[in-house]
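J.: Letter by letter, the chains look like this.
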Amino acid sequence: MRVHAKRAGVLLGGLMTPALSMADWTLNMSPGVTGTSNEIFSLHMTILWICVVIGVVVFGVMFWSIFAHRKSSGRKPANFHENTLVEILWTIIPLVILVVMAIPATATLVDMYDTSEADVDIKVTGYQWRWKYDYIDDDFGYFSNISTSDDEIYNRTAKSENYLLDVDNPMVVPVGAKIRLLLTANDVIHSWWVPEFGVKKDAIPGFVNEAWTRVDEPGIYRGQCTELCGVKHGFMPVVVKAVPQDEYDTWVAEQKEAAQRERELTEKDWTLEELMVRGEKAYASACASCHQADGSGAPPAFPALKGSQIALEDMDAHLDVVVNGVSGTAMQAFGDQLSEVDLAAVITYERNAWGNDTGEMITPKEVFEYKNQE
Amino acid sequence: MSAVADTHAQDDHHHGPAKGITRWLLTTNHKDIGSMYLIFSFTMFLLGGAMAMVIRAELFQPGLQIVEPEFFNQMTTMHGLIMVFGAVMPAFVGLANWMIPLMVGAPDMALPRMNNWSFWLLPCAFLILVSTLFMQGGAPNFGWTFYAPLSTTYGPPSTTFFIFAVHIMGVSSIMGAINVIATILNMRAPGMTLMKMPLFVWTWLITAFLLIAVMPVLAGVVTMMLMDINFGTSFFDASGGGDPVLFQHVFWFFGHPEVYIMILPAFGAVSHIIPAFSRKPLFGYASMVYAVGAIALLSFVVWAHHMFTVGIPIAGQLFFMYATMLIAVPTGVKVFNWVATMFRGSLTFEAPMLFAVAFVILFTIGGFSGLMLAIAPADFQYHDTYFVVAHFHYVLVPGAIFGIFASAYFWLPKWTGHMYDETLAKTHFWLSFVGMNLAFFPMHFLGLAGMPRRIPDYALQFADFNMVSSIGAFMFGATQILFLVIVVKCVRGGEKAAANPWDGAEGLEWTVPSPAPYHTFSTPPEVK
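Residue numbers (the working numbering), protein chains in the order written: chain A, 1 to 374; chain B, 1 to 528.
No lab work stands behind these hints, which were simulated from the structure alone.
All of these numbers come straight from a predicted model, not from anything done at the bench.
It cannot be assumed that every hint is accurate.
Said to hold, decoys possible - Simulated restraints, written as ranges between beta carbons of each label pair: (1) B/ALA499 to A/VAL52: 41 to 47 Å; (2) A/ASN83 to B/ILE481: 40 to 46 Å; (3) B/ILE481 to A/ASN324: 52 to 58 Å.
Using N, Cα and C, we set each Cβ at its ideal position, and we do this for glycine too.
Just chain A, with the same shape it has in the complex (with noise of 0.2 Å):
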C-alpha cells in the first residue's frame, strides 16, 4: 500500500508543484528534545510494538484461513463454535498486556504533572488568533502573531521554508531551566503545543492550566494551535526559542527596559502623527485579523470600521468598545491587552485611516484617565 502511495505522491509531487520539493515523507513521531517528549516516544513506540505484534498474530490466522480453508480448494468445514477456556485465554493474555502497558504509561503522567520547583513562570493567553506570553516573574509580556504572509498564503509568492510556523516574536526560554506554564484564553478554546517538548495543553477561557518543560538544547521549536478556535485557527503557531542562560537574562533585561520606556510613553505630548504611525502598527497586531488591515471587516460577525458610526461620531462611546468590548459578541475588551498608548493610538487610527477623516485624537493620558475613573 504504502510504496503506491510513495509512486503515486512522488509523480503528482514532481509534476505539480516546486513547493513540494521541500515536503518529506516522515512516518514517525519525532523523539523531540525534552525528558518528557522522550519518554512519550518510548511509550509510543512500545504500544505500537504491542499493536504490530498482536497484528501479526491475529492476521495472520486469518489470512492462513483466507488462504487455506476456501472452499474453493475443496476445504469442508468444521464445526466447532465454543471453547471456554479459549474465551477465558484471550480475555485474560490482552489484560496483562493493558497492564504491563498502564505501568510506564502512569509514571510518565505523574511527572508530567508535577510543575512545582519551575524556575521560570510564564503565562501563555490564547487570543483569536494569536498568543501572548507574559514573563510574570518579571514584568512584561507581549504578542506573538503569524509572520507569514498573505501573499505566501494565497499563492502568489513562493513559500519560505517555515510557511506557517513563523512568528514575530517567539517565547524565548532559557535552557535547562523548568519553564512553567499557566494557561488560559481569552475568547474562545486554544489549545498550546510544541511537538518537540511532549507539551500540549489546552487554553481555556476562565480556567489556568499548568503544563512545564525543561528544554536541554538551543534552538527554535515550532508548533501550533491544536484547538479549532475559529477561522483563523491553522495561522496562530507556537514558535519557541531556546537560549543558553546568560543570553536569556539579557533578553529579560532588555525586555523590562522597553516595557519601562512604553509605561514612560503615557505621559508623552503625543501629535495625531505620531499616533497615527503607531496606531497603524498596533491595528495590525491586535485589530487587522478580524476588521481587516483595510477596515473592511467580515461582516456579520467583524464589522466594518470603515465609515462605520462607531469610529465617525462619538467619540467617548468608541473608547468604550475598544477599552470594554461588546459583550456577547466576538469584540473583546481590549483595556487590558494594550497599553494607553497603544489603546490611544489604534482609536486615533481608526478615526482617520480609510478616509474615516474625523482629524480627532485622544492621547494616552485620556485613556489612562478613562480607565482609572471606572
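Starting from the known structure of chain A, fit chain B onto it as the hints suggest.
T.: Below, chain B without anything else, positioned relative to chain A:
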C-alpha cells in the same frame, strides 16, 4: 389470532402497498420505511462525501486555492454532522427496520405509526441543517463537536437552526430506539429466547438502549447552548461564571456512547456474514453478546479520554485512561471470535464477505490506534492531530460504512428478489478498499509528524502525504457512484434470488421468499 392471520393470507392483494406518493408519505410498513431510511442515508452519504471532496481538494496542496478558511470550517463541520447523524445512524435504523421484524419473526415493528414519524422527521431536520449553508454568516463552522464558547458567543447566527435540527434528529433517534426495543422485547416468535436471538438483533437492542440513554444528554447540551445564545444564560461562558469545560463533559458523555451506536449494529451484521460465507457457525455466540454488553457499559465511563489535554486532575486522567484501555478486552474478544469463525471454515469471498473481512482487519487497525490514543501521556502528542482523524476514519469508514455495505450486499437479494452484479460489487469493494487506505493511512503519518486537524492550510513538510491522501479520497468518493449503479441495477432486474441465496446463511429472514412479500410472518413462525 391465527384465524385472523389465515384470512389475511388469503386476500393478500388487498394489503399491498398504496399507490403513488401516499405509499411513502403515509406508510407504516417496516419494509417501506426501512427502504426510505436507506435511500435517505445514501443521499446524505453522497452529500457529506461531496463536502469531504471539497476538504480534500483544498488540502491537495499547501496554500489556499479553492475555498476560504471560513467555508472550509463549514465543510468540516457539516461533513461530520451529516455523516454521523445523516448517513451512518439512519443507515443502521434502515437495516433495523427491514431486518429486525424478519429476524425475530414479527409481522412489523411494534409501533408502526411512530416509525413513519421518526423517519419523516429526519428529512425535515436535515433540510434545516443544510439550509444553514445559505444563511447570512454561513453554516455552523465550529466542528461537529461544536465546543463552546466557539459555538455560542462566537458562533454564526445560524447556530440556533443547527440546535433545532439536532433536537429533531434526537427526537427521531429516540423514537426509533423505543420502537426497536419494543419490537425485540415483545414481538419475538414463540421459542426465540433472548439467547437465541440473532446477533444483529442483540447488538441493535443494546444500541437502542444506548440511544435512549444519551440522546437526551445531547438535547440537554444543545439546549444549554440555545439558552446561552438567545436567553442570556452563562452555562458555558466563563465571564458570566459558566464553565466551557462543562460543555465538553456533557458533550462527550453523549459522544462516546454515540461512537459505539455507530459501530455495534455493524458488529452484529458482520457476525451473520462471516459465519454465512465460512459455512460454519459463529464462534462464541454467548461471549459475543457479553462483549457487546461490556462495551456498551464501559462506553459510559470513558468520555474524558477525549479531553486529556483540558487539564482534568491526574486522578481523573488515570481513571479514564485505565477504563479506556479496558475496552480493548471485549473488543479483542469479538475480533478473536470472528477470526476463530473463519478458521477451518469453507470460505468463499462474495462481496458481503469481502466487506466483512475488510471490516475486521481495518477496524482492528482503528482499534490499535484507539489503544495508542488511550495512553494518556502519548495522547498529549496525538490529541487533535491527523492521527486522531486517521483513527476515527479507520473505525468509521471500514467499520460502520463497510459494515453497511456488507449488510446491503448480503440482504439485497432478500430486499429486491434479484442477485446484484457480483463483478461490479467486487470492483466496488476493491476500489473502495484501495481508495480508503490511500486516503486514511497517510493521515497517521501526518498526525505523528505534527499536523493539527481542522486546518485549511498546512506547513510544507506535510505536503506529500496530504496529496496522496487527497488522491485516495477522490478515488474512494468516485467509487461510491458505482454502488448506486449496482443497487439500481439490482432493483430493476437480474438473476432471480432464491429464498436463501447464500449457502451458509441462517435465520428466519431466509425462510420467507425473495423478494420478501409486503407482509411477512402474519403467523408467527415456531423457533426450536
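J.: Given the hint of 52 to 58 Å, check if B/ILE481 and A/ASN324 actually sit that far apart at their C-beta atoms.
T.: Holds - the Cβ-Cβ distance for B/ILE481 and A/ASN324, about 55 Å, lies within 52 to 58 Å.
J.: So does B/ALA499 sit 41 to 47 Å from A/VAL52, Cβ to Cβ?
T.: holds (45 Å)
J.: Starting from the hint 40 to 46 Å, judge whether the C-beta atoms of A/ASN83 and B/ILE481 obey it.
T.: holds (45 Å)
Comparing the model with each earlier hint shows no violations; every hint is respected.
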